[in-house]
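Visitor: Throw the hints in and build the complete structure from the sequences for me.
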Amino acid sequence: MHTLILVRHAEAAPERAGGNDRARTLTERGRLDADRLGARLEALSAPSAAGSDLDPTDMGPARSGSADTDPSGETGPGAFRLGAACLSGAHLWHSTAIRTTETARLLAPHLPLLDAVLPVEALYDLDLYGVLELVRETPENVKTLILVGHNPAMAETCRHLGSDSSDEPVFRRLLQGFPPATAAIFTVASDWAGLSPNTAMLGDILHP
1 MHTLILVRHA
11 EAAPERAGGN
21 DRARTLTERG
31 RLDADRLGAR
41 LEALSAPSAA
51 GSDLDPTDMG
61 PARSGSADTD
71 PSGETGPGAF
81 RLGAACLSGA
91 HLWHSTAIRT
101 TETARLLAPH
111 LPLLDAVLPV
121 EALYDLDLYG
131 VLELVRETPE
141 NVKTLILVGH
151 NPAMAETCRH
161 LGSDSSDEPV
171 FRRLLQGFPP
181 ATAAIFTVAS
191 DWAGLSPNTA
201 MLGDILHP
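For the sequence shown, counting from 1, position 76 maps to 76 in the numbering used here; every step adds exactly one.
FYI, nobody ran anything at the bench for these hints, they're computed from the structure. Possibly wrong hints are sitting among the right ones.
Pair ranges (Cβ atoms, derived) [as the list claims (entries may be wrong)]:
| # | residue 1 | residue 2 | range |
| --- | --- | --- | --- |
| 1 | E28 | D167 | 38 to 44 Å |
| 2 | N198 | L113 | 42 to 48 Å |
| 3 | A122 | G18 | 21 to 27 Å |
| 4 | D164 | A46 | 25 to 31 Å |
| 5 | H160 | T25 | 27 to 33 Å |
| 6 | D167 | H207 | 28 to 34 Å |
Cβ atoms here follow ideal geometry from the backbone N, Cα and C, with glycine treated the same way.
Guide: Pasting the structure below:
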């Protein structure tokens with residue numbers, strides 16, 4: 001059992017004429033949104049009110065009343081939760097573009113149990129199939145993988161992996177768009193090499 005979190009970088013400044021797309025930086029709003037998104041992930045991984053974390057095998061699709069439906073970021077008794085164990089020893093990989101690097105750096109302080117924050121050059125150019133291949137090659141000792149990348153690859157990968165949950169409200173929310181500073185959380189009921197729509201279950205979509 002693994003957890004996969006796919007993140008689109010936060011809002012970035014437009015590319016200037018003759019500029020370098022990789023050098024685009026986050027806007028003030030983008031920095032704020034990335035920090036808020038980190039706080040949302042942190043809230044989902046916090047111990048429940050009962051004092052115990054949710055077993056990763058019990059995670060299911062987000063229902064009405066999930067953390068994502070509450071603008072305050074607070075979760076109710078039946079809300080989707082990650083559990084601290086899911087983020088213990090997690091890896092956060094990001095493309096080497098400045099906007100994804102900045103997003104990752106703003107997320108990381110909210111995830112103190114991260115094992116590694118790593119730049120991955122290939123993430124800048126990967127399409128859907130490239131992202132899938134990258135995840136399938138993840139070492140098995142990495143139980144949770146957080147990827148911070150770019151559209152359209154992030155949105156397309158989320159729609160592909162979530163397609164077996166197409167009847168769930170959470171998937172319908174995914175179809176409404178995947179704007180900057182959005183995260184999709186999947187549980188993967190196989191080894192990384194077996195990642196597919198059949199083994200990945202879309203649990204929740206988070207916005208700042």
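Visitor: If a hint holds in the structure, say so; if it doesn't, say that too.
Guide: Verification of the hints:
The given range of 38 to 44 Å is respected by E28 and D167, whose C-beta atoms sit roughly 39 Å from each other. The beta-carbon spacing between N198 and L113, approximately 29 Å, falls outside the hinted interval of 42 to 48 Å. Checked against the given bound of 21 to 27 Å, the beta carbons of A122 and G18, roughly 26 Å apart, stay inside it. At about 29 Å, the CB distance of D164 to A46 agrees with the hint of 25 to 31 Å.
Checking the proposed 27 to 33 Å range against H160 and T25 shows it holds: the Cβ atoms sit about 30 Å from each other. Roughly 22 Å separates the CB atoms of D167 and H207, a value that falls outside the hinted 28 to 34 Å.
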